[in-house]
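K.L.:
If you follow the hints, you should be able to join the two separate chains into one complex; please do so.
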Amino acid sequence: MKPFRKHTGVVVPLDKVNVDTDQIIPKQFLKRIERTGFGEFLFHDWRFAGDRKEYKKKTGDFVLDAPRYAKASILVAGKNFGCGSSREHAVWALADYGFRVVIASSFADIFANNSLKNGLLTVRLNEEQVAEIMRRSEEIENYQLTVDLETLRVEDGRGFVATFAMDEFSRHCLLDGLDDIGLTLQHEADIVAYEAKHPVRAEMKAILTLE
Amino acid sequence: MGETGNMPLRTLFEKVWDSHVVAAPEGQSALLYIDLHLVHEVTSPQAFDGLRANGRRLRQPLRTVATVDHNIPTTPRGLPITDPIAAKQIEALQKNCREFGVPLFDMDSAEQGIVHIIGPELGITLPAMTIVCGDSHTSTHGAFGSLAFGIGTSEVEHVLATQCLPQKKPKTMQIQVSGKLAEGVTAKDLALGIIGRIGTDGATGYVIEYAGDAVRGLSMEARMTLCNMSIEAGARAGLIAPDETTFAYVSGRRFAPKGKDWEDSVTYWRTLASDPGAQFDRVIEIDAASLAPFVTWGTNPGMVVAVNARVPELKSFAQEADRRAAEQALAYMGLSPGTPIEAIAVDRVFIGSCTNSRIEDLRAAARVAKGQHVNPKVRAMVVPGSQAIKRAAEQEGLHRIFLDAGFEWRESGCSMCLGMNPDILQPGERCASTSNRNFEGRQGRGGRTHLVSPMMAAAAAIAGHFTDIRNWRFN
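Chains as they are written, first to last, in my numbering: chain Y, 14 to 224; chain X, 552 to 1026.
With the rest of the complex left out, here is chain X (with noise of 0.2 Å):
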């Protein structure tokens, strides 16, 4: 940390951090208050169980919110759940919440969506917020510059009962892109492009703060898209800096400041940038001209090239360790080194997930898709992120697009991203999809993931194989 007079440089990160420490007790981690902890059916259960075996209540029912997203069918939302486990789990958040007082987005709500999704989208995730959720993808939330991570069900109960977390502060890590993304190139381009760079550990033990001309000009939507990728570079979580974008963006929905609340509200944000000569523990610079759109050929995040490449060989890795990994991960995922990426036929294509369900990434992909068919060897889905996402997809007639096309137009919910509801691969069946995750029948059992864009995704679903988006022909 470096030093002007007697006032410390910070970074956005401790700025954060230092106004929700609670308790700094000697020789331990501090004690850091929990502004938002966002609540879903898979991994809170037994965090309920754990308050009710030990007699102890909710602490901040207004500063815990519930919603189901993880393993609810995307079909018609009238139709009955048919995963018996499901249903069960789905009920006994229901009924927890009822127990607890906590409010519930339940699948029959209007606002009902992914966790991730509907917290920046209802004005309950604001700028300077610590928010953690039992989720990975909570640093989706970071792009308002909060500090969101995920937790386990442990940690989940921890904050049920305290609305407090001991924490041991993690370094920090700036990432600077400099100049413009270019055509074709997207935030998901940008985060894979970092994760192939750094690795899928590269971060672990850090905060990242991403900043940059490249980062600057970004919307809120792409800035959660790059800060959501945060986790699968090892980082808890990815910090923007607030600006005038994030203002606009937070700007009158439904649970943000209002009148004179807001005003005060934007005055202490601004103060939030890291200030100028603030020291970082670790700094990476990234030109974003040197990006294109990226295909991952590999069973991690890491494992990724430009679609105008070609699946690596062997040779090319360094290490004996990584080596034998990109060996297992080419036997899993039936390529060969040297194969061209756009040579790879897709059967299927899955635009959704908390990285790229959000209306620009549906604009983006019917941008690509509009007068054009889904290749009849491809099955295309497209999952909205929330209910308002598919509301407004609707009122913009894009869900035309998708339709007439030939893409499935669906419910919202994680789907496909993880498999947990019926949304999932064949073995053996490669999906061109935007989720996060190309882990190992992570899309259910067997299936091959690749990770790209939403424009990639719907440029795969027509073309049958991936295809470099630079060269589409848009109608």
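Chain Y on its own, in the form it takes in the complex (with noise of 0.2 Å):
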């Protein structure tokens, strides 16, 4: 996984509540079967007016693609965000736009597991402080904030700063990148206890050869 320490980019704000998944990629590009090249279909349907990206651009009535927040890589959005269904693609979308963290005054659950495993980071802020950054990145031509997980500050350099909570586990998990299948594999003696006391049912057994 990729290592996210600290990071200073330009913030573009999305000024929803409960943004759904389905909203984030839309299910007609979940076939593909790959974790790349999710970014361009980036919330399509609010972005393109056809079905596929060749497609006739909306008007620039998203901010995404407003030119002055081309370059961003820190999403703000109001609360509830990534609710809905658990594709990870939503992450993989985000990402390989080009974000690297995501600012709500809450995430849905599978949605905030999901970006912890690809190094988006999910910063949780009071809604004032949402709505001040909102304001400030709405206002302020190429606002920055700088992100450091190793602080667990949010600040822009003109007078903001807010400080953002995250369980110490997930903290190191993602400021050293580490693969976090390798690190359960760490405690193969246990699960191969656990496995010794609960046993497959034999019912299961048949499963195999059932076709």
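Keep in mind that a hint or two might mislead.
What the hints assert, rightly or not - Cut-off 25 Å, straight-line C-alpha distance, at most; resulting in silico cross-link-like pairs (PhoX-like, lysine-lysine):
hint	chain 1	residue 1	chain 2	residue 2
1	Y	K210	X	K811
2	Y	K15	X	K719
3	X	K731	X	K866
4	Y	K210	X	K809
5	X	K866	Y	K29
6	Y	K84	Y	K15
7	X	K811	Y	K218
8	X	K809	Y	K218
9	X	K720	X	K566
10	X	K646	Y	K218
11	X	K566	X	K722
12	X	K866	X	K566
13	Y	K210	X	K720
14	Y	K29	Y	K84
15	Y	K19	Y	K84
16	X	K719	Y	K210
17	X	K566	Y	K210
18	X	K811	X	K566
Simulated from the structure, these hints should not be mistaken for lab results.
P.N.:
What follows is the structure, encoded as structure tokens:
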């Protein structure tokens, strides 16, 4: 996994609550069998008029397409970001597009988990802080934030400073870009012991000779 | 957590959780053992690729079960898959299952169906298990008193490789539903009523336990509908303590325990109910008598009102962000505030999905459709959740009732719940749907989805608009 320590980048405001993963990456793009190449379909139905990206782009009414936010790598959005479907494709699309951080007052559980596995940092701030970042990113051209996972601080160098919380283990995994399957496999002896006490049910063995 | 003497009082969730902790390393998430991993074509290919790239094997083939459901057509099975990308994804699953030794209920299997339908149907889903799937509606299996939750593809890979998942322990919420659901008010309406009250993030970070007389009175199929929608309130999992209703459903199913194993299992399952006095982090009380048949009016399941109510006025929203969201939702839905729900005409009707495609759902819809005709302006389809349900319905003659009334009777799959196959809405089309999400574009780009129960969907198909099932004249 890509480690995350500290990132400075342009902020783009998506002033909507309950942004669901169907919007982040619509279902017509879930048939790809790779992890890559989803970025161009990010928020597709809000950004493009046709069914394919070659179709006419909507006339600049979506914030991501405003030239001033073209280089954005930090997304700030309303509460309950990433709700709905468990599709990790939503995180792949955000990361592939170039986002390193999403800031909101709350995130859906599965989305937050998926982000963690892909080095995309989800930062929870309170609603006032989120509103302030939204306001500044709308008013100030090329508005940037620095998000530091070592100090758990968000600041803009213009007087806005906020701290955020993250459980220590998740932070450790992100900072070092750890392979968590590898971490689990360090418990091989515990897993073997658990499996010895909880064998597969006899009836399930027939499932291999089904078809 | 309360205590009596030295024995801590535990909730159902805590009992299931505790019995699956493999390791609890200091300063880390607990490592949970996963009893059953369900796999489908959309969220698994990258996980199998990950195994290959790292030279890892599948740890427990007998705890892994796959089927194809999300993007398969619901036209007769002999016809080819016209979407080449969908076909490629299905082939990838077939190839991965062969290579790694995963049991697969394939397209042509007599047991194929929606992953959350076939697990319970085959007796693969049992009480007291941990169950995961790369699909948020895995919460369905909580109806059996199992801890069942959706995961992303990285976690799918994790479970394939280790049969374990590191998990932060969620908080607990009890939803107590007192009284009895009225005639015409179903588990779907209970689910929509709960989400309408607590919001689509009302249970984020929690596991829900549904309890109370109204929940005890539900059949297993209705309990699955209720638990299925837990994720729409933000909860990864929703559970119901197993009882006689549960045991009667599971008993004798193909992969369920038999003989002495069965007796021992039931004895254990009886110990799972939350201890009286066990503490929940949050308790919500609902009176079943306050519920009605519900219809969503907006673009998330929390935007919902009773069928005899009106589309809400914008000024009724206290928060500015919610008001703006409602305004955007109404613009997308092509609705005006104050419109009576029963005045909203529909173009399409979809009866199906892991929420509402089980045999009882089809019986309820058929009871409404019997001797009636689908409104000529409406196209209505019934998509059974599995091949077994389709066969059972045909044995009972339900398909005849639907076909005679002008409904399409199709093959099993996820179908128009998410429109990954050719079953989609056209832009602007309005649909009464028994599925679980009314998000923008969910059933087809520009499509407008209203979530309802199977009876309400069937009634809308016939009337051509939403209508209160409590006033229906059954034939």
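K.L.:
Now, for every hint given, state plainly whether the structure supports it.
P.N.:
Hints and how they fare:
| no. | hint | verdict |
| --- | --- | --- |
| 1 | K210/Y - K811/X | holds, 18 Å |
| 2 | K15/Y - K719/X | holds, 22 Å |
| 3 | K731/X - K866/X | violated, 33 Å |
| 4 | K210/Y - K809/X | holds, 20 Å |
| 5 | K866/X - K29/Y | holds, 18 Å |
| 6 | K84/Y - K15/Y | holds, 20 Å |
| 7 | K811/X - K218/Y | holds, 17 Å |
| 8 | K809/X - K218/Y | holds, 14 Å |
| 9 | K720/X - K566/X | holds, 13 Å |
| 10 | K646/X - K218/Y | holds, 21 Å |
| 11 | K566/X - K722/X | holds, 14 Å |
| 12 | K866/X - K566/X | violated, 45 Å |
| 13 | K210/Y - K720/X | holds, 23 Å |
| 14 | K29/Y - K84/Y | holds, 20 Å |
| 15 | K19/Y - K84/Y | holds, 17 Å |
| 16 | K719/X - K210/Y | holds, 24 Å |
| 17 | K566/X - K210/Y | holds, 17 Å |
| 18 | K811/X - K566/X | holds, 23 Å |
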